Amino acid sequence: MTATPAAPAPAAPAPAASAPSGRRRLLTALLLLPLAAAGWVGWRSWQEYRHDRWDGEAVLAFDPARPDALIESQALASLPRDLLRAPLLADLLSEDFVFYYESNADRLGVAGALRRLAFEHKLDWQDQLLAELLDQPAQIALWRGPDGKLAHALLNIQRGALGQLLSPLATVAADDRQLSQLSNLEIDGAVVPVYRLRYGWQRALLFAAHGDRLHVLASPSLVEVSGSSDGGLELLRASLQQDAQALPTRFALNPLLARHRLVISADYLAMGYGALLPQLSGLRVELRDGQWRSFVALNNIEPAALDFAPLWQAAPIGAAACAAVPISTDALGLLIKRLQPLTALPDDLQQQLRGPAALCWYPQSRLYTPLLITALAPAAADADAAASTAAAADPAQFDSALGAAFDALIGTREREADGARWPLRSESNTEGQRWQRAVSSAWGMHPQEDAGDDEPRESGRFFRIALARQGRHLLFSLDARLVEQAQAALAKRFPPLAEQLPDGGPVPLYFAPEQLSLLLEQEALSSLPESVEAVFRNAAQTHLLPKLRAAAANPPQALQLPDDASARDPWTWLEVEWNAL
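The numbering of the sequence shown is this note's numbering, which starts it at 1 and goes up by one.
None of these hints come from the bench; they were simulated from the model.
Since we're looking at a predicted model, the values are computed, not measured.
All residues carry an ideal CB built from backbone N, CA and C; glycine is no exception.
It cannot be assumed that every hint is accurate.
[Claimed, not checked] Using C-beta positions, here's what the derived DEER-type ranges look like:
| no. | residue 1 | residue 2 | range |
| --- | --- | --- | --- |
| 1 | GLY148 | ALA491 | 38 to 46 Å |
| 2 | SER426 | PRO378 | 30 to 38 Å |
| 3 | SER226 | LEU150 | 40 to 48 Å |
| 4 | ARG415 | GLU533 | 28 to 36 Å |
Take the sequences, apply the hints, and build the full model.
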């Protein structure tokens with residue numbers, strides 16, 4: 001097979017060098033500030049997912065009643081094929097996705113073990129036993145492991161007519177090298193045997209049948225191939241004691257009416273830091289009447305917090321992807337308190353940043369240099385109201401404080417500048433002001449050939465970092481060109497993204513497959529230099545890039561919430577609409 005020729009790669013950055021500790025500290029503070037403005041700040045750690053010990057074995061402690069993701073299906077075996085009905089997924093996954101799961105090593109190992117059991121113990125099992133089991137109505141609950149990945153899977157299958165096939169297991173387990181009876185659990189006054197099936201190399205699963213359901217646990221850390229599996233037994237016991245609707249209730253779901261339903265919690269999406277997305281509970285997709293439908297679950301949110309329209313007026317057209325979220329003022333207040341000793345931030349910054357914020361990525365920039373857009377609170381309409389904002393009452397004073405904060409937080413000691421930082425550039429216009437500074441970095445956007453008189457020339461690469469206030473909008477990026485374009489969009493010298501978006505309800509997400517594929521292709525190739533990663537680069541060119549280019553043929557998409565979107569309670573599900581533009 002001939003590999004697809006690769007598109008010309010962008011100029012590779014200079015070899016990475018260890019940044020001075022002061023530079024790392026200041027750049028970290030720099031990145032924290034826009035994250036806070038977007039409401040993506042929080043300090044909740046892995047308390048719910050700390051390591052504990054079960055009988056001397058270090059395993060992950062978690063709540064069995066609170067999985068991170070849930071898959072429900074009327075016919076589980078058909079799920080991979082049905083996923084291909086989604087237009088974009090059809091381009092990205094193709095039939096290889098289906099064949100991969102049908103030929104997965106674990107599935108083949110389990111099927112082989114069942115065939116051997118049937119042959120050696122003369123059981124009346126068909127070769128398609130596993131396929132028949134997986135074609136039943138089922139639930140799969142998933143929990144993250146110590147590394148943050150979904151590592152623990154609990155399969156809950158409706159046994160149906162296959163239940164009678166489990167009756168000879170006790171006899172078989174008494175004398176078999178792969179199947180053994182691990183324990184007995186007392187569930188609702190009945191004794192339920194738990195079996196362990198070894199398959200493949202150092203792989204095993206636990207299963208038990210109770211009522212009309214078969215419960216199967218697959219977890220490398222909770223199921224020992226030999227020896228104790230107490231952690232797995234505890235999780236299996238919890239599953240056996242729950243009814244079939246217990247797990248959907250955790251996600252505020254009604255009984256399943258769709259063919260398939262997939263749900264994932266925002267806490268998992270935030271990698272264990274649920275406070276990063278305080279207004280978002282989870283995401284869900286379901287296949288009903290032959291069409292995939294999307295839903296979002298929100299927490300206690302007012303319609304004003306979803307007013308994203310002003311943000312899209314500042315986003316330049318041509319974005320690869322844009323996402324908007326409400327700001328978490330509580331989390332923002334914590335970060336401002338931590339940054340206050342480093343610099344004098346505007347006193348009323350927390351009160352002004354009450355609306356939503358957006359991040360936009362552009363193919364002419366990099367994945368790690370998005371444009372941040374947020375809006376300051378408008379002046380109070382009534383002079384006797386709580387208080388008009390300082391920015392509306394005295395923009396010059398507010399700008400002065402912003403500029404001082406930017407000057408204090410952005411930059412590092414430069415060797416070429418005799419240990420000082422490069423000068424702060426400031427430009428004013430009738431609508432606001434922009435601040436900009438060059439910062440040396442091995443991952444910088446610009447090569448030394450692009451340096452000006454007051455910018456690094458011998459450091460290899462550097463960033464031009466910019467912050468601007470244009471009217472009520474605040475704009476920030478590690479790529480100053482994006483801030484300049486956003487200012488041009490607000491000044492009506494450049495078309496804004498708002499001209500592309502549909503009328504009606506708020507749009508929290510936009511992506512353009514063509515531009516997004518260009519951005520991802522650039523990042524993939526630049527992270528895999530041919531001289532260093534020849535094998536992985538060839539794999540990316542052969543498998544990844546054709547998929548990205550196929551997906552690029554799809555039109556831009558905008559995700560739209562209902563006109564009156566709001567949430568008075570946690571886990572309020574709202575159906576969202578995908579608009580092809």
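Note to self: Could you work out which of the previously given hints the structure breaks and list their numbers from low to high?
What the structure shows: 2, 3
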